[in-house]
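Asker: Here is what each chain is made of, one letter per residue.
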Amino acid sequence: MEATIDVIGVRKRFGRTMALDGMTFAVRPGRVTGFVGPNGAGKSTTMRVVLGLDTADEGSALVGGRPYASLRRPLSHVGALLDAAALQPSRTARDHLLWLAHSQGLTGRRADEVMEQVGLGSVARRRAGGFSLGMRQRLGIAAALIGDPPVLMLDEPFNGLDPEGIVWIRGFLRSLAAEGRAVLVSSHLMSELQDTAGHLVVVGRGRVVADAGVAELIAAASRDRVTLRTTARPEAMTVLAGTGATVAAVDRDTLTVSGLAAGRIVELLNGHAVPFSEVAAHRATLEEAYMELTRDAVEFRAAMTPLEPGTDREGAR
Amino acid sequence: MTVVTPYRSAVRGARDGFAQLLHAEWTKFRTVRGWVAAMAVVAPVVIALGLFSAAGNSSSCSDGPKVVPCPAVPLGPGGEAVSDSFTFMHRPLGEGGGITARVTGMTGIITYPPPNHDQIVNGLVPWAKAGIIIKESTRQGSAYAAVMVTGHHGVRMQHDFTHDVAGRPASAASPTWLRLTRSGDTITGYESADGVHWSTIGSVRLPGLPATVQAGLFVTSPADLTVKPNAVGGSIAQARFTQATAVFDNVDLRGAPPGTVWSDDQIGQSGTTQWEQEHKPAGVVSSGGTFTVTGSGDIAPIGQEAGQSIEHTLTGGLVALIVVMIVAVMFVTAEYRRGLIRTTLLASPRRGRALAAKALVIGVLAFAAGLVAAVVTVPPATRILRSNGNYVLPVSLLTELRVMVGTAALFAVAAVGALALGALFRRGVAAAVTAMVVVVVPAVLATASVLPLEVSRWLLRLTPAAGFAVQQSIPDYPQVIGDYSPQAGYYPLPPWAGFAVLCGYAALALALAVLRMRRRDA
Numbered sequence: 396m397e398a399t400i401d402v403i404g405v406r407k408r409f410g411r412t413m414a415l416d417g418m419t420f421a422v423r424p425g426r427v428t429g430f431v432g433p434n435g436a437g438k439s440t441t442m443r444v445v446l447g448l449d450t451a452d453e454g455s456a457l458v459g460g461r462p463y464a465s466l467r468r469p470l471s472h473v474g475a476l477l478d479a480a481a482l483q484p485s486r487t488a489r490d491h492l493l494w495l496a497h498s499q500g501l502t503g504r505r506a507d508e509v510m511e512q513v514g515l516g517s518v519a520r521r522r523a524g525g526f527s528l529g530m531r532q533r534l535g536i537a538a539a540l541i542g543d544p545p546v547l548m549l550d551e552p553f554n555g556l557d558p559e560g561i562v563w564i565r566g567f568l569r570s571l572a573a574e575g576r577a578v579l580v581s582s583h584l585m586s587e588l589q590d591t592a593g594h595l596v597v598v599g600r601g602r603v604v605a606d607a608g609v610a611e612l613i614a615a616a617s618r619d620r621v622t623l624r625t626t627a628r629p630e631a632m633t634v635l636a637g638t639g640a641t642v643a644a645v646d647r648d649t650l651t652v653s654g655l656a657a658g659r660i661v662e663l664l665n666g667h668a669v670p671f672s673e674v675a676a677h678r679a680t681l682e683e684a685y686m687e688l689t690r691d692a693v694e695f696r697a698a699m700t701p702l703e704p705g706t707d708r709e710g711a712r
Numbered sequence: 007m008t009v010v011t012p013y014r015s016a017v018r019g020a021r022d023g024f025a026q027l028l029h030a031e032w033t034k035f036r037t038v039r040g041w042v043a044a045m046a047v048v049a050p051v052v053i054a055l056g057l058f059s060a061a062g063n064s065s066s067c068s069d070g071p072k073v074v075p076c077p078a079v080p081l082g083p084g085g086e087a088v089s090d091s092f093t094f095m096h097r098p099l100g101e102g103g104g105i106t107a108r109v110t111g112m113t114g115i116i117t118y119p120p121p122n123h124d125q126i127v128n129g130l131v132p133w134a135k136a137g138i139i140i141k142e143s144t145r146q147g148s149a150y151a152a153v154m155v156t157g158h159h160g161v162r163m164q165h166d167f168t169h170d171v172a173g174r175p176a177s178a179a180s181p182t183w184l185r186l187t188r189s190g191d192t193i194t195g196y197e198s199a200d201g202v203h204w205s206t207i208g209s210v211r212l213p214g215l216p217a218t219v220q221a222g223l224f225v226t227s228p229a230d231l232t233v234k235p236n237a238v239g240g241s242i243a244q245a246r247f248t249q250a251t252a253v254f255d256n257v258d259l260r261g262a263p264p265g266t267v268w269s270d271d272q273i274g275q276s277g278t279t280q281w282e283q284e285h286k287p288a289g290v291v292s293s294g295g296t297f298t299v300t301g302s303g304d305i306a307p308i309g310q311e312a313g314q315s316i317e318h319t320l321t322g323g324l325v326a327l328i329v330v331m332i333v334a335v336m337f338v339t340a341e342y343r344r345g346l347i348r349t350t351l352l353a354s355p356r357r358g359r360a361l362a363a364k365a366l367v368i369g370v371l372a373f374a375a376g377l378v379a380a381v382v383t384v385p386p387a388t389r390i391l392r393s394n395g396n397y398v399l400p401v402s403l404l405t406e407l408r409v410m411v412g413t414a415a416l417f418a419v420a421a422v423g424a425l426a427l428g429a430l431f432r433r434g435v436a437a438a439v440t441a442m443v444v445v446v447v448p449a450v451l452a453t454a455s456v457l458p459l460e461v462s463r464w465l466l467r468l469t470p471a472a473g474f475a476v477q478q479s480i481p482d483y484p485q486v487i488g489d490y491s492p493q494a495g496y497y498p499l500p501p502w503a504g505f506a507v508l509c510g511y512a513a514l515a516l517a518l519a520v521l522r523m524r525r526r527d528a
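Sequences listed follow chains A and B, in order.
For the first sequence, the tail end lands on 712 under the numbering used here, and the numbers increase by one without skipping.
For the second sequence, the tail end lands on 528 under the numbering used here, and the numbers increase by one without skipping.
FYI, nobody ran anything at the bench for these hints, they're computed from the structure.
Wrong hints could be hidden among the right ones.
Partner residues aside, some chain A positions facing chain B, computed with beta carbon under 10 Å [to be verified]:
# : residue
1 : GLY454
2 : LEU470
3 : VAL645
4 : ASP646
Beyond 10 Å from chain A on every Cβ pair, some chain B residues (computed) [claimed, not checked]:
#  : residue
5  : TYR13
6  : LEU27
7  : SER59
8  : GLY62
9  : GLY111
10 : ILE126
11 : GLU142
12 : THR218
13 : TRP281
14 : GLU284
15 : LEU352
16 : SER354
17 : LEU404
18 : VAL443
19 : VAL486
20 : TRP502
Facing chain B, from chain A, some residues (calculated, C-beta under 10 Å) [said to hold, decoys possible]:
#  : residue
21 : MET413
22 : GLY417
23 : PRO424
24 : ARG443
25 : SER465
26 : ASP478
27 : LEU482
28 : GLN483
29 : ARG486
30 : ARG489
31 : TRP494
32 : ASP543
33 : GLY560
34 : ILE561
Predicted model only: the values in this text are computed from it and were never measured.
Built from N, CA and C at the ideal position, the CB exists for glycine as well.
Work the whole structure out from these sequences, hints included.
Answerer: See the structure below:
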């Protein structure tokens, strides 16, 4: 089976709320794909649709090219952590993994293996009800690994982890991806995915607002804005606005310009003999890129995919 | 983009089949200590209640101030308790032959019947019997076949206590010719209005009939039983002494061994009451070919009024069933409560199969608990009751097995139904309360004397509580008037029919649960 997830035009409505509005993206093997967006953007719903727990009103979600419900021994194809609290509190950690193992025709040995893998070996016989959220996350990851699947989907696995745990999970996810697995990790905080995800799928309001590599995203967010320092603010604004760029005054002698590359700005100002002291292409952080992307999905899409801004704008409004 | 070698799993599992799901569900069950503990106390609760109440229950019979062994209740050829009391004028009969007689009339008395209960009236109870009989011997409970005129049910042919075939609806007042012929083990019954034109009522085999049997005339009359509703619900059964007298003529017996003569006997309790001795003794008066036979009693199976039935040792069953159903509900609602159901459905995306595996596991566990409970309760408790002088109605081994296996099956199906309610409602309390309201509450209301009789009966026909019928060991007979009320231990549906009602409800709940599981997002 191909280690992929394909989400194609999925729509899902809960009552009057459009939870997923044409969600489309693909997850490829060999890298950690971050699935980010604000709370309520549709990350968990998308995952549930992929896993066959929720049905899509429209579109399809495939794992290795097949719907989840058609998989035999599904946990050996896909491992998922949806809700770390989904445990019978009186069952021990090992017993929780044991029944999962049995459901896939595996033995208790596999339960012990994944337990060691996530570092829960010493608490295997303790009741899961007494676990901290961080331990539950580890147990949930162990459960996802029970069938040694090529595809992993983890919903907010960083929640409740202490800093040490976060460092551990980042390394762990990277190593899983390095083995050739497709790893999809959702988070509502971009910072959690820093240094972990090689690829990002940014979602807002039930649709993908960006689907790109981390470097690409930063570049895209940065390309947009140039900071200009000038003593002749009114003249500069006139010249630059005349080309169709968006110009905003930051303070008495600083402007930000959107829609024009730094080089072009220099050319224009020189051509019109407008004095300036500094032109700085803004180098965005991943966090900033994310903030900008999710602040208003529509504006971003117009900037990222300039070929069809009109249709997108209408579709989103 | 770099070329990636997709991951190849190193873990090899066995087949993905239903067996794996069952294994997983069993692992789930046995790893929650509370459920295991609850299921484990089911059998001990039933056993303890059954044995303790049997040990604390004793009865004795006295003759005046003297305690004597209670009189043995005769058993019919099928092993069931029977009443076998009548006036019998008889003569031996060989392997071939028969007896013919005409019943010219039948009269009787009923002592102190309603409404005023203040006098003895002339009349016949519906199942007063007068006719001819071929019987293995004069021993109570021995095999027989008889044709007879009855008080209100016309001509009948009956044999071996539990079997009854209707003939013509002849009146007890008009003369009726009756005939029985014997050919080896086969007895055939006939009737005629004129002694010329005969019609067959039926033919029965009495296996193992000895070469010489007793044939002759008999009269008997069962107690006048009325069941009236009680003011506070339930009912009161009352029985009054009755006596019947029939006049026979044209008595013709063929096939009697040479040298044998007619004699008459009181079989069983016929003729033993003070009233009979003082007013009209039971017996035979003959005058020139006419025989006037007077008797009382009955030739019929007796029911739960005569003693306890084996299923009464399972009084703890209801409490145990409540425990079983609550565990069954929690087995599924605990997963909904924690969101664990999603993990279950990830492991088995085919939702119907996932629920089926759960149902099978809880069903088998409940069956096992019920079976242990019944098998360790019924036979020992029955033995204890009997050793304490109590009369426990005998039943065949097959019936005893049916009561025990039926109890186990009742537990299993009720558990599956409760589990289905849990999956349907997804809420533990709602599902458990519903299970109690549809199974336990109707059973309790119908068998405690709080509802009118018919309401009780309908409850036990229409609700899942009908399933308790599978525990009824003593059947009711249409040819015997009895207090066949739920409170007396009689269910309105036959055992397996009642059980089928419960199965139907459980299947419906399970189907709805699967449907809802499939349709709804998890």
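Asker: Next step is simple, just say for each hint if it's right about the structure.
Answerer: Status of each hint after checking the structure:
1. GLY454: violated (15 Å)
2. LEU470: holds (6 Å)
3. VAL645: This interface hint is violated because 39 Å lies over the 10 Å limit.
4. ASP646: Cβ of A:ASP646 sits 43 Å from chain B, so the hint is violated.
5. TYR13: Non-interface label fails for B:TYR13: nearest chain A Cβ at 4 Å, not farther than 10 Å.
6. LEU27: B:LEU27 not clear of chain A: closest Cβ-Cβ about 6 Å, inside 10 Å.
7. SER59: For B:SER59, whose nearest Cβ neighbour in chain A is about 34 Å away, the distance exceeds 10 Å, so it holds.
8. GLY62: holds (38 Å)
9. GLY111: holds (79 Å)
10. ILE126: holds (72 Å)
11. GLU142: holds (62 Å)
12. THR218: It holds; B:THR218 is separated from chain A by about 71 Å at its closest Cβ, greater than 10 Å.
13. TRP281: holds (70 Å)
14. GLU284: Holds, because the least Cβ-Cβ distance between B:GLU284 and chain A comes to about 76 Å, which exceeds 10 Å.
15. LEU352: violated (6 Å)
16. SER354: Its Cβ does come within 10 Å of chain A, the nearest being 6 Å, so this is violated.
17. LEU404: Consistent with the label, B:LEU404 stays out of reach of chain A, its closest Cβ about 39 Å off (over 10 Å).
18. VAL443: holds (27 Å)
19. VAL486: Non-interface label stands for B:VAL486: nearest chain A Cβ at 55 Å, farther than 10 Å.
20. TRP502: At roughly 36 Å from the nearest Cβ of chain A, B:TRP502 sits farther out than 10 Å, so the non-interface label holds.
21. MET413: This hint is violated: A:MET413 lies away from chain B, its Cβ roughly 15 Å from the closest one there, beyond 10 Å.
22. GLY417: violated (19 Å)
23. PRO424: Status holds, d = 5 Å.
24. ARG443: Holds, about 7 Å.
25. SER465: holds (8 Å)
26. ASP478: holds (5 Å)
27. LEU482: With a minimum Cβ separation of about 6 Å from chain B (threshold 10 Å), the hint on A:LEU482 holds.
28. GLN483: holds (6 Å)
29. ARG486: Holds - the Cβ of A:ARG486 comes within 10 Å of chain B, reaching about 5 Å at its closest.
30. ARG489: holds (9 Å)
31. TRP494: holds (4 Å)
32. ASP543: Holds - the Cβ of A:ASP543 comes within 10 Å of chain B, reaching about 4 Å at its closest.
33. GLY560: Interface hint status for A:GLY560: violated (22 Å vs cutoff 10 Å).
34. ILE561: The hint is violated - A:ILE561 has no Cβ within 10 Å of chain B, the shortest such distance being about 24 Å.
Hint compliance for this structure: hints 1, 3, 4, 5, 6, 15, 16, 21, 22, 33, 34 are not met, and every other hint is.
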